[in-house]
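*Asks:* Make one complex out of these two single chains by using the hints.
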Amino acid sequence: MIQLISASKTYPGGHRALVEVDLLVETGTTLALLGTSGCGKTTTLRLINRLIEPTSGEIRVDGRDVREVDPIELRRGIGYVVQEAGLFPHMTAAENAETVPKLLGWSAEQRRQRSAELFALVGLDFPVHGDRYPSQLSGGQRQRVGLARALAADPPIVLMDEPFGALDAITRRQLQAQFQELKARLGKTVVLVTHDVDEAFRLADRIAVLADGRVTQVGSVAELGEAPPDSPIGALLGDRRAS
Amino acid sequence: MRRELALALCAIAVAAAAAAAPPRVVVGSKAFTENTILAEIIAQTIESQTAATVERRPNLAGTHVCFEALRNGEIDIYPEYTGTGLRNILASQASGLSRGATYATVARAFAERYAMEWLAPFGFDNSYVLLMRSSVAERLSVRTISDLSQYPLHFGMSHEFLRRPDGMPGLRAAYPLNERETSGLSHDLAYQGLQQGSIDVTDGYSTDAKILTYELVALEDDRGFFPAYEAAPLMRRDLGERVPGVEAALRLLAGRIDADAMRRLNHAVEVERTTPAATATLFLQSLGIESAAGASGDGQRTGFLRLLYQRRWKTLDLARRHLLLTGGAVVLACLLGIPLGIAASRNPRLARAALGLAGVLQTVPSIALLAFMLPLFGIGVTPALVALFLYALLPVLRNTIVGIQSIEERLIDVGRGLGMRDSQILRQIELPLAAPVVMAGIRTATVISVGTATLAAFIGAGGLGDPIVTGLSTTDYALVLCGALPAAALAIALDYALGLVERWTTPKGIRS
Ligand SMILES: Nc1ncnc2c1ncn2[C@@H]1O[C@H](COP(=O)(O)OP(=O)(O)OP(=O)(O)O)[C@@H](O)[C@H]1O
Ligand SMILES: [Mg+2]
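Here the protein sequences come in this chain order: P and H.
Oh and the first sequence: position 81 is 81 in our numbering, straight run, nothing missing.
Oh and the second sequence: position 281 is 281 in our numbering, straight run, nothing missing.
Chain H extracted, bound-state conformation (with noise of 0.2 Å):
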């Protein structure tokens, strides 16, 4: 009776530490910069606007990926497109809709199918829009998109534009333009074409900082050819029951961040190279809205050997991560494999079928398999896990047929001739024979998962894959590098720990 008491209080002890906790909002982004500035954005508003704690969870490989992590709770909200949602999410071949019907739709989808709730745009769009030098749209004081028909011009867009209906074949039937002449080329090119005079219009999207680089003016969509890609923030309707001052922080950043808003802080990231938080920082500030948490520092970037050392422990922290990660897959592909593959050794039509399984499993690209594993999984160590799992059995399978298959017949029919029980066989005979070219297995399942994991991280797995999806959404190739040489270094360090462990396993008869 006392301890039913005991145990009774413990739980009225644990609901009310429960309640008394803040709640905590996890704000999830995509992997490229704009997103994870506006995921910030998010973040901080909700940090210094409500009581609650905020986890972020960046650069989540793509749309899949972040809506998938949605839908199971795995994050609370992230910055998503209205024309991603129609097109990609919903698969809606609608054409023609306006800003405004694009967002009413998407927004009574959501709210209906996925329990998920639109809130309001932040103001600009993401979309394709037709650049021109400024001193040239001003020189032929062109301003929108049908002005342009006013001159013979120079049309130097990319080949996708070129191809997509609702690119050029689209643009020609809704404008009249007077093509001069027309070729396809690389954005980059086009950039520099336009720099030259070489071309006269291009094609590109509405928030890249490379606008502001190249001192390009971005011309009217007036006759709203151009499909909405407005951003919004994308909820969980239960966020809103959960933390009930979400809707109206988030309230404050509607319609506030126009294209060239936008523009600008791309740029600030991409060129000026801040971090997207103290980027965000300054911006809300800016709107007059006090950020709580704030970035560290001057926001500024540093140099690789500084930030090296600077992220010394943290690294430190992200490679004992990818340890476990890598670890936790080989083990879990040795306990499956090698008893499968000691089975099969003895079973051809079970060698066919399992190398034949493991074999295809390993053709699909890893970033893939991850993005396969999302809707079982959702995101985290998990499907990390067993993606990599996947990966690693076949060299194991494939070594441990190989390695039993090889042993003279002789020896096997000598031990049967001694008395062996086939368990004996095994142990005595296959298994130590067999050991060198497990172990080779084992170390080349190990290398392929300490490269394939740091991939995990798109999919919010963590380990030093972190500063390398970070790194490349943003630019930021010394935290790509601060990434991708301890990973290397880890590899190598790992391949040559386990060739001393295969020497190791290999019965010093049979040693060269």
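In isolation and in its complexed conformation, chain P is listed as follows (with noise of 0.2 Å):
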């Protein structure tokens, strides 16, 4: 369970990405984060694994205040998907699927074979995509890699900052079908960050508007697909409907 309770963070500078931010993601279900380019979707995930510190508030991960957790224990708790994958150049496709694994003291034989079950997890072919460099994979191929590191030491928690970004259509179908069963038989607690109003509600439980770092509107995909035009998921969804 994830809670952010009145959480505010100003950046250096005076920037305030986040004003007094409430939100409540209950254990084994999916949060949507909807919102605009530079709204705060970004820094609410970072302050989730407390690679920022909020300016007030409070964040707790299973009832417990991050700042009284160690960060390394807290982080590799949690599985972190980077926006545009954020690959390290240096480590193969598989190498970089077994970071966490590795830091987590893994022998190698396992941590090759948990590589190997995480490709064919994200579809992406182990004996020819396994050795490559990040830098002779294609865009949505590096995405899915960002995604088998995320998921490969199996945390209970994902941060997910626009997983699906980079992906052709059919792929990104696929990829978000084989995540929803993934979801249901593994039983995590996702935080996902999208800008794309159909995806969350397709993945999500729930799903929460940010406007200028506020949270305008939250509820049940349920609630939310019967809101009136005029609130702010009502105004995104009008462009789809319209369309």
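There may be inaccurate statements among the hints.
Stated by the list, open to error - FRET-style restraints, in silico, Cβ to Cβ:
(1) H:Tyr-496 - P:Asp-62: 57 to 63 Å
(2) H:Tyr-496 - P:Gln-136: 39 to 45 Å
(3) H:Thr-382 - P:Ala-116: 54 to 60 Å
(4) P:Gly-139 - H:Asp-317: 57 to 63 Å
(5) P:Gln-136 - H:Leu-305: 52 to 58 Å
(6) H:Leu-357 - P:Gly-14: 36 to 42 Å
(7) P:Pro-12 - H:Pro-507: 30 to 36 Å
(8) P:Gly-139 - H:Leu-376: 45 to 51 Å
As the list claims (entries may be wrong) - Listed below are several chain H residues computed to face chain P (Cβ distance under 7 Å; list not exhaustive):
(9) Arg-410
(10) Val-414
(11) Gly-417
(12) Leu-418
(13) Gly-419
(14) Arg-421
(15) Ile-425
(16) Pro-432
(17) Leu-433
(18) Pro-436
(19) Pro-507
Claimed, not checked - Here are a few chain H residues that sit away from chain P, every Cβ distance over 12 Å (derived from the structure):
(20) Gly-100
(21) Leu-219
(22) Glu-272
(23) Leu-494
FYI, nobody ran anything at the bench for these hints, they're computed from the structure.
Note that CB positions come from ideal geometry on N, CA and C, so glycine has one too.
*Replies:* Quick look at the structure:
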């Protein structure tokens, strides 16, 4: 379970990226963060794994204030898919995927086996892509390796920053389907950042709409599906309904 | 108990062996022909007249290096000039001292302050003289500087001489000169000018071999204007105690080398291209002092290719020493530079301070840096190693800092987000990505060190600089090449090899 309690973040220089944000993600559910560019989605994720500290307010993971947990332990229990993949250029795809297992001290054999599993999971061919470097992969393939890396040590919580952004519609659908199945099977707690309203409705249990660092609307998929057109989500949905 | 006994016996045996071994005398010299020849003469005299074995440390840069080496006990004796002792070492402003007074002053001061002794002078001054063509001087019957007043003459003097108070200005005050015209020109041009008759008088050094080559005559300084620069052996007092025969042996040389003889010796080495050792042997034989060791071969110099071939094993040995010096300095620079660079990449203030300091060290001329090392570390390998290390430090340090700082911030952030500790980020992300840049710094440091290490020969560290320094001081260019070419080849080879290593340390994923 993840809780943001009246969390605010002002960056050095005075930019107020988040203002008194309250959010709750129940264990085993998925929350989608929707909003335009620069509204504070990435900032929210980074507060949760404590890459940045809130200026005020509190963040709790499984009931514990993140400031009281060893950040290394905290992060190793939280999978992190970075915007635009963020792969290490000097490691092969397989080595990238094995990063966290290696930190946890798994044997090379265990790691190899795990990365083969993960490649299959995200729809990559291990013998073909495993030994390639990021520079030798397409943007979509890189994103999938990034996803595999986040899931490698089977963390109970996963933070995903636009994980399917650079994919074509077909591959995206495939991956979304795989993700849905995975979620159901593994019962993970997920925070998913996306620009794509469809994706939010398809994958999430609940949706929060962010604008200018504030939560303007939050509710279950069912509630927001019925929301009036003059509400924030309604405006986003309106575009879609019209098209 | 038995062990102690055995140890005691060993100690006695070692002491006995030490007592029985012949004492060792180390003879040094400055890096110019005349001083090298005098050092050889001293060395061979000690060899033939005492039981001591002599070690030679020729071509130790200049006065400063030789004097410090003598003070530290790294050499026992070297040829010095009284005027240099007075002005450069004692920093005395005294002027107008006679030859005898100069000698007495330095002899007393050195004995009191440094426990060093000036032995009896060889018999010549290496000071300024006025020179004329012999034929012209004879025709005008000019023998002394006073005689010059009788004729209106063209003085063609070196620029330095025109400026120095103990040069032309002082000379005019001391003598009534009759200057028809006075111009400033370089020494080499002045000799040619004398030859062609376009000038009549110039200045020079009394023992310069060119006096013989150009058939010149040095005018007698009949009013004793020029300060005395008498050459004499300068030795540590403890040498006299350690090897009692040394002073008596060197007394055989007292007053036996006049300016003319010294000129001839310089001529033999610089023009006739005989080695200093052979020149010294021949000279000692002419004095009736048999040299024990003598010079190998006929002492005649050989052409470059012959010499290169003859010296091949020696060159290999010097190259090995050169590599050890260079390698040692670079390894030390890495041991300090890489960790310091890592620390500095996280701390801008430390980075500025470290880069600033290393940068300043880099701008100190190498020969000066080597000289600074002397009072701290004496002569030999240690000061050279320290100086080379200081030079190698900047490229390694700078490239480590730049290499780490130029890594995309985002990648560090991702590593942290995945739960890496700082040490893991360093080892798994920063170091691999910075490795090629660091390696390039090591490569630069190595090439710089190979070049600079040739200068280390000036302070007695050996290496491929040895033949260069010796060759330069005796104008033996074949010998210079025997050091310079292998040094250049070594630099190119190392650059190439480290280029391969650099490529190899570049992670595959970021090779272009
Ligand atoms: N380190 C920082 N220092 C100062 N301002 C920052 C910093 N990081 C982000 N910001 C600002 O905070 C705001 C929110 O940034 P954030 O990265 O959370 O946006 P986002 O919602 O993820 O946008 P996008 O969809 O474009 O990724 C932006 O206006 C951004 O310029
Ligand atoms: Mg973002």
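*Asks:* State for each hint whether it applies.
*Replies:* Right, here's what the structure says about each hint:
no.	hint	verdict
1	H:Tyr-496 - P:Asp-62: 57 to 63 Å	holds, 58 Å
2	H:Tyr-496 - P:Gln-136: 39 to 45 Å	violated, 29 Å
3	H:Thr-382 - P:Ala-116: 54 to 60 Å	holds, 57 Å
4	P:Gly-139 - H:Asp-317: 57 to 63 Å	holds, 59 Å
5	P:Gln-136 - H:Leu-305: 52 to 58 Å	holds, 53 Å
6	H:Leu-357 - P:Gly-14: 36 to 42 Å	holds, 37 Å
7	P:Pro-12 - H:Pro-507: 30 to 36 Å	holds, 33 Å
8	P:Gly-139 - H:Leu-376: 45 to 51 Å	violated, 60 Å
9	Arg-410	holds, 6 Å
10	Val-414	holds, 4 Å
11	Gly-417	holds, 4 Å
12	Leu-418	holds, 6 Å
13	Gly-419	holds, 4 Å
14	Arg-421	holds, 6 Å
15	Ile-425	violated, 11 Å
16	Pro-432	holds, 5 Å
17	Leu-433	holds, 6 Å
18	Pro-436	violated, 10 Å
19	Pro-507	holds, 3 Å
20	Gly-100	holds, 77 Å
21	Leu-219	holds, 77 Å
22	Glu-272	holds, 65 Å
23	Leu-494	holds, 26 Å
Violated hints, listed in ascending order, are 2, 8, 15, 18; each of the other numbered hints is respected by the structure.
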